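Visitor: What follows is the residue order along each chain.
2 protein chains.
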Amino acid sequence: MIIATLGPEGSYSEKAAKQWNKSGEIHYYDDIQDTVEALLHDEVDFSVVPVENSLEGSITLTLDLLMEHHLTIVGEMVIQISHCLLAKGKRSDIKVIMSHPQALSQCRKFIKKNFRNAQLRPVLSTSLAAKLASGSKDIAAIASVESAQKYQMEILEKNIQDINENFTRFIVIGKDTPHATGNDKTSIIIYLQKNRPGALFEILEEFANKNIDLTKIESRPTKKLLGDYLFHMDLKGHIEDRQIKETLEKIKDKVGMLKILGSYPAAI
Amino acid sequence: MIIATLGPEGSYSEKAAKQWNKSGEIHYYDDIQDTVEALLHDEVDFSVVPVENSLEGSITLTLDLLMEHHLTIVGEMVIQISHCLLAKGKRSDIKVIMSHPQALSQCRKFIKKNFRNAQLRPVLSTSLAAKLASGSKDIAAIASVESAQKYQMEILEKNIQDINENFTRFIVIGKDTPHATGNDKTSIIIYLQKNRPGALFEILEEFANKNIDLTKIESRPTKKLLGDYLFHMDLKGHIEDRQIKETLEKIKDKVGMLKILGSYPAAI
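As given, the protein sequences belong to chains A and B, one line each in that order.
Counted from 1, the first sequence has number 16 at position 16 by our numbering; the numbering is strictly sequential.
Counted from 1, the second sequence has number 145 at position 145 by our numbering; the numbering is strictly sequential.
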């Protein structure tokens, strides 16, 4: 089994991929789009990509790719993110701080307090930042403990994110929906027929009537008009459950578009 | 009247600020946070910041600052975004493309097609990219026509965003809620009491019952727990309208938190 994930080695995505399947062979890609396209081009069996962080919110590119392509979510994993400040040199040598833009955002207060004059350089992944920074004394990286080990860098400080509790949810994208386990989630995208008062309410009413728990609702632009949205929703339950199946069938007639992204075991 | 906006000169934010008030004196700031803090520190009378783009969705930092601070939205403007490729040299000289991360995202397909090997360098604003690129032949910038004029750069190509219709909505933040004009919007943030099935539905039901139009709903993480959300909502109407006022009072008792961000004239 081959799993595509964000590289290079030492990324949080790799950690998620290994947690999902220990024995899979991991192929590394440069960005989220390439990681997803690897699956679309049949280079891999599964792709693992981040979808949501507890501080920064949704990874909107992942949501948009789920809309644009025919993809099936087959699993999810939650990984605790503990950012470290890594360097080859001393703290006083640091002139540049490199990391993924989300990691830079997550450590905004730490950087403003301790490195007000450092230049921030966003790169495609935290592990790439570590790899690049390992070649220079005046560049620090914000990345994982695993990246420090992989690129033989010193950990100058641990847990530097603004809020201690920092989790990222990853999804596994594959081809076939796994059977119900009794603790599942179903992800869908809805486009409402019209932007009229109460249209979204009528959809949520269907779920509420059947006591179906909506664990997430997130709007994304349709990219056609300002103020025109798609809604990404996560529901508790599996598409094989009669309740979910019947409710989605009912909703289908009320909306402009219903896309079912898949049902999969919920992360604990 | 002093208005804070994203700089340097030639930014889309400046265009929005001038559209809102032609005669205001504009002060330029490096990033969204500094632009908002200028108002909090009484350096300016108003701040103009982007809140939503029709291709990329919400500017989440703006939403989070609206939650974190005591701020009042007093107006909104919609600006058409037309990104241009600007350079001092020839097309074949370009090795680096510089712009704001959202502008780079919005031109993703154009860049992949035409400059697959160019290095992408995200900076704090499109006008800053133009300013920096104007000093080098091998750096191009993605920015506005106004930036090209301001920094005397050639426009190598116009309208390079992935989808032609590209609009950004800006909000004006100030101190006093303007009176109703008959065509207004009210922005609120809600935190639901509990994450139980149907909690969001009950809130939307109140709006639907009164025929209040919800023009936007967007979830943001509470930054405490993964899967714990705040909801940013825009409603048609003014807080002075009896319908809106009474409905919000009713909702207040049903939610964990209701924050009213302001009522202001809706952009056409």
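Everything labelled a hint here was simulated from the structure, so no lab data went into it.
Each hint should be verified, as a subset may be incorrect.
Claimed, not checked - When the alpha-carbon atoms are kept at most 30 Å apart in a straight line, the in silico DSSO-like pairs for lysine-lysine are as follows:
#1 A:K109 with B:K223
#2 B:K95 with A:K216
#3 A:K137 with B:K95
#4 A:K210 with A:K254
#5 A:K245 with B:K95
#6 B:K236 with A:K224
#7 A:K236 with B:K254
#8 B:K224 with A:K109
As the structure is a prediction and not an experimental result, all values here were calculated from the model.
Visitor: Against the structure shown, which of the earlier numbered hints fail to hold, in ascending order?
Guide: 2, 5
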